[in-house]
Amino acid sequence: MDLNMNVNAPHSMGTTIIGVTYNGGVVLGADSRTSTGMYVANRASDKITQLTDNVYVCRSGSAADSQIVSDYVRYFLHQHTIQVGQPATVKVAANLIRLLSYSNKNMLQTGLIVGGWDKYEGGKIYGIPLGGTLIEQPFAIGGSGSSYLYGFLDQAWKEGMTKDEAERLVVKAVSLAIARDGASGGVVRTVIINSEGVTRNFYPGDKLQLWHDELEPQNSLLDILNAPPSPEPMNI
Amino acid sequence: MSSIGTGYDLSVTTFSPDGRVFQIEYAAKAVDNSGTVIGIKCKDGIVMGVEKLIASKMMLPGSNRRIHSVHRHSGMAVAGLAADGRQIVARAKSEATNYQSVYGEPIPVKELAERVASYVHLCTLYWWLRPFGCGIILGGYDRDGPQLYMVEPSGISYRYFGAAIGKGKQAAKTEIEKLKLSEMTCREGVFEVAKIIYKVHDEAKDKAFELEMSWVCDESKQQLRKIHLFFDAFNSNPILLLATFCSDDLLEESKAAARTALEEMDAD
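Heads up: the sequence lines are chains A and B, in that order.
Quick note on numbering: this note's numbering labels position 134 of the first sequence as 134, and the sequence is numbered without any gaps.
Quick note on numbering: this note's numbering labels position 38 of the second sequence as 1038, and the sequence is numbered without any gaps.
Chain A extracted, bound-state conformation:
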């Protein structure tokens, strides 16, 4: 362990963030580890921030940068809502984030996933990675832990899932990433947004499913009979 570690260095959120659409809304998910090098600055952070009543954003990259961008966009959206007289659409929120990310690309380091529900388009997910691209996707992943999720989600995401299926998918994905990525960990937080409103859920780290190397080794047949169920086989 490096005893000269600077705990006041800029905080980065190693992170795994994910947003998926389902039939009727969106589910956003994230881990909760904020790290500065090897030091975990916050093991229970909330990376899913509210922009309006119906639009949330998952933050990754530099903690400071993503917080500032969210704060500005929340302010602009508040004004916009007053002017237009109705809740802002997800597209407008995503566009405002994109404009800030793109115009300040030299100074910022944030990857964001905007997700929400509005009465015109329903549930929508927009990914806004580092350079300030804006892309509307059925599902989006981001952060250092997302590298391990590309193949998994390509196989597991299906159109027209129910709310529970979608949330299970999100929790599973984040916990898989936490298992492999050193910079992601802690708890899994989810936010479900649909026409009825917003629901926040919390899955403590020790309650998450165990994967592969984390499982107890099996030495005898009796162990297999008594062991907790292994993860379900891959369904292709």
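Hints may be right or wrong, so weigh each one.
[As the list claims (entries may be wrong)] Facing chain B, a subset of chain A residues (Cβ under 10 Å, in silico):
| id | residue |
| --- | --- |
| 1 | Val84 |
| 2 | Pro87 |
| 3 | Lys91 |
| 4 | Gly151 |
[What the hints assert, rightly or not] Beta-carbon label-pair distances, calculated as ranges:
| id | chain 1 | residue 1 | chain 2 | residue 2 | range |
| --- | --- | --- | --- | --- | --- |
| 5 | A | Glu136 | B | Arg1091 | 29 to 35 Å |
| 6 | A | Met38 | B | Thr1097 | 46 to 52 Å |
| 7 | A | Asn201 | B | Val1102 | 48 to 54 Å |
No lab work stands behind these hints, which were simulated from the structure alone.
Small disclaimer: the values here were computed from a predicted structure and weren't measured.
Positions of the beta carbon are idealized from the N, C-alpha and C atoms, including for glycine.
Given chain A, work out where chain B should sit, using these hints.
The following block gives chain B in isolation, referenced to the frame of chain A:
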């Protein structure tokens, strides 16, 4: 209904003792002296029509447009001082494209009307500016459906089912009120607007006029939400009404309808 605002009407920054700003009222009179402009909101869109009084026979038909496109989904018909109107249209276009760049979606018609109205109002606040001498009928089709707004020189803006400004506005309003707009489609509305303009045109006082019309509706039967067509219909001399739309059969229909309307009027 003339009121002499002696002494209190020299500047737009002066109130009269009975609480009126005369300069703004005089600006409204400039609008009243111009050709009639009407707009109606049908169940599937907006139709606007302008009675363009022709100053000289040497003018090319189709020139001097009075209905301007502000964005893909909205347009403005101007009555009153045409040059003032162009200024407002330029501002509206700029507001619309700016909104699109910042918010990523076409400007809602309500928002556009508010911005135009506040710009018009701005020019009633300072002594070094004069109020705009034009009234505007703004029609657009956004996510919340077709909407029609009218902006007056004072900066007031209201939303309407049917609106008329200019010389024949009283007669036009009476005619519009007779229509059942909630059941009418835009295609029917086009003929109605043409008939009304012909009806309110004063043959004795103003000789020649040209009819200019535009619409914003979902006639072309594409995707439901994103339909916001803006077709122009420009017309020539008053004796034979020539309406140009997208198809020739509508052209023939409207010619026939207008001729019938003319005959009906002559028969009165």
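Checking against the hints above, which ones are violated? Hints 2, 4 and 7 are the ones this structure does not satisfy, whereas the remaining hints hold.
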